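Let the hints inform the model, and build the full structure from the sequences given.
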Amino acid sequence: MELEDRNPGRSLLIFVLVLLDIFFAVAGYILSHQDAVSSDMGTYAVYLMYNFQDVNELPERYSTLQKYVTEEAWEKLDLDGDFRAINAYYKFQAQTSQVHTLLHDDGIVAYRLVNPYILAQDVWLFTYDIDDGAIDNVHEYKMTSVRRGQEGVW
Amino acid sequence: MSTGKGPNKQTGYNGRRVDWPLVFLIVVTVALGFFFLYTLLQGIKKPEEVKPPRVVQLLFSEWLKNEGNPNGQQEALRLCMAYGRYETDTLAQNALEEDTENFLYVLSSRESDRVASSYAVERVADGFVEIVLYDAEGEPMYPKVAMAYTLDEQGLFITDYTIGRLQPFSTRDEEYVKVWN
Numbered sequence: 001m002e003l004e005d006r007n008p009g010r011s012l013l014i015f016v017l018v019l020l021d022i023f024f025a026v027a028g029y030i031l032s033h034q035d036a037v038s039s040d041m042g043t044y045a046v047y048l049m050y051n052f053q054d055v056n057e058l059p060e061r062y063s064t065l066q067k068y069v070t071e072e073a074w075e076k077l078d079l080d081g082d083f084r085a086i087n088a089y090y091k092f093q094a095q096t097s098q099v100h101t102l103l104h105d106d107g108i109v110a111y112r113l114v115n116p117y118i119l120a121q122d123v124w125l126f127t128y129d130i131d132d133g134a135i136d137n138v139h140e141y142k143m144t145s146v147r148r149g150q151e152g153v154w
Numbered sequence: 001m002s003t004g005k006g007p008n009k010q011t012g013y014n015g016r017r018v019d020w021p022l023v024f025l026i027v028v029t030v031a032l033g034f035f036f037l038y039t040l041l042q043g044i045k046k047p048e049e050v051k052p053p054r055v056v057q058l059l060f061s062e063w064l065k066n067e068g069n070p071n072g073q074q075e076a077l078r079l080c081m082a083y084g085r086y087e088t089d090t091l092a093q094n095a096l097e098e099d100t101e102n103f104l105y106v107l108s109s110r111e112s113d114r115v116a117s118s119y120a121v122e123r124v125a126d127g128f129v130e131i132v133l134y135d136a137e138g139e140p141m142y143p144k145v146a147m148a149y150t151l152d153e154q155g156l157f158i159t160d161y162t163i164g165r166l167q168p169f170s171t172r173d174e175e176y177v178k179v180w181n
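Top line first, the protein sequences correspond to chains A and B.
For what it's worth, my numbering labels the leading residue of the first sequence as 1, then goes sequentially.
For what it's worth, my numbering labels the leading residue of the second sequence as 1, then goes sequentially.
Hint data in this document are derived by calculation from the structure and do not stem from the laboratory.
These figures come from a predicted structure and were not determined experimentally.
A portion of the hints provided could be inaccurate.
Claimed, not checked - If you want the footprint, here are the derived chain B segments under chain A, 3+ residues with CB under 8 Å:
#1 24–33
#2 102–116
#3 135–149
To be verified - Derived CB-CB ranges, DEER-like:
#4 B/26 x A/66: 45 to 55 Å
#5 A/101 x B/61: 28 to 38 Å
#6 A/59 x B/22: 52 to 62 Å
#7 B/19 x A/100: 52 to 62 Å
#8 B/38 x A/100: 33 to 43 Å
#9 B/159 x A/33: 25 to 35 Å
#10 B/156 x A/100: 26 to 36 Å
A virtual CB, placed ideally from N, CA and C, is assigned to each residue, including glycine.
In structure tokens:
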């Protein structure tokens, strides 16, 4: 019975190919889900800021959000500033607030707020970029001078 | 014992055995390599390359081209909106007049001495566009404009919309300063 030739080169090639397969598969999966991750981060940020049962939840929520935003974005959001805290407190009148998402895509979240002191038909927008895995270049808007077509989309 | 001679499914012409597992692994690696390359190229696509549908671009460009010309602006709407779906001409005309009023209200300049002559797309999402209007000197005219819209099945006409201005509410926003100062 002949012994099969041993081919160490073949073993090495198989090892390299398997490593490449794992790298391509994992990296390709991560890259193909970048937009979904970006979209989820934006939605999560909006929920952290505006979806709560009790305003006393806000400090902890803001603290969580700080981990997901760049320093510049954090300063712009001004979430640990008194002005923002007081404004948010009085705006919501210490009532629960729920976020109703109208659109969430890479870099934008459009939503309504369900709170007795916020007009239900008002549309709010949160736009952002992702920089090195963190939310950056944030803008918050209220849609004003709104006009709708036959029924309107929002 | 292997003779290595003659035609055989497992061997090539010279009698060497084809390493099918290795061939399969190479094919899988090449395929995954192309997948990785494709997702990489998709990821580095510049934001400017993402544009709203042609009908949306046409609407804004034709509207602004006809600034000061109400008939021209109505034509822009007639070109882009799905008025053909209305049962009668009267209903379509009523919708056109209402849309004209809506777009005039939202897109007219807040400053009497400035007129919008062009626009640039800031953000695009499925059924949504955010634009900045520019005057003849190329200066931005805040607040920005945003429009959520639906298209007909062919994507040729706008069937419904919500349009408005984007008022920033952070005092640290550059746009806030430009709007409120």
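Right, here's what the structure says about each hint:
As drawn, the stretch 24–33 of chain B meets chain A at 6 residues by the rule of a beta-carbon pair under 8 Å; at three or more, the given contact holds. Counting residues of the stretch 102–116 of chain B whose CB falls under 8 Å from any CB of chain A gives 4; the rule of at least 3 is met. For the stretch 135–149 of chain B, the proposed coverage by chain A is satisfied: 5 residues have a C-beta within less than 8 Å of a C-beta in that chain, meeting the threshold of three. Judged by the Cβ atoms, the range 45 to 55 Å given for residue 26 of chain B and residue 66 of chain A holds: they are separated by roughly 48 Å.
Restraint check, residue 101 of chain A to residue 61 of chain B: a C-beta distance of roughly 31 Å satisfies the suggested window 28 to 38 Å. Take residue 59 of chain A and residue 22 of chain B: their Cβ atoms lie about 59 Å apart, and the range 52 to 62 Å holds. In this structure the hint that residue 19 of chain B and residue 100 of chain A lie 52 to 62 Å apart at CB holds, the actual value being about 59 Å. A hinted range of 33 to 43 Å for the beta carbons of residue 38 of chain B and residue 100 of chain A is consistent with their spacing of about 36 Å.
Residue 159 of chain B and residue 33 of chain A have their C-beta atoms about 31 Å apart, which keeps the hinted 25 to 35 Å range intact. Remark: the range hint 26 to 36 Å for residue 156 of chain B to residue 100 of chain A is upheld by a beta-carbon distance near 31 Å.
Checked against the numbered hints above, the structure breaks none of them.
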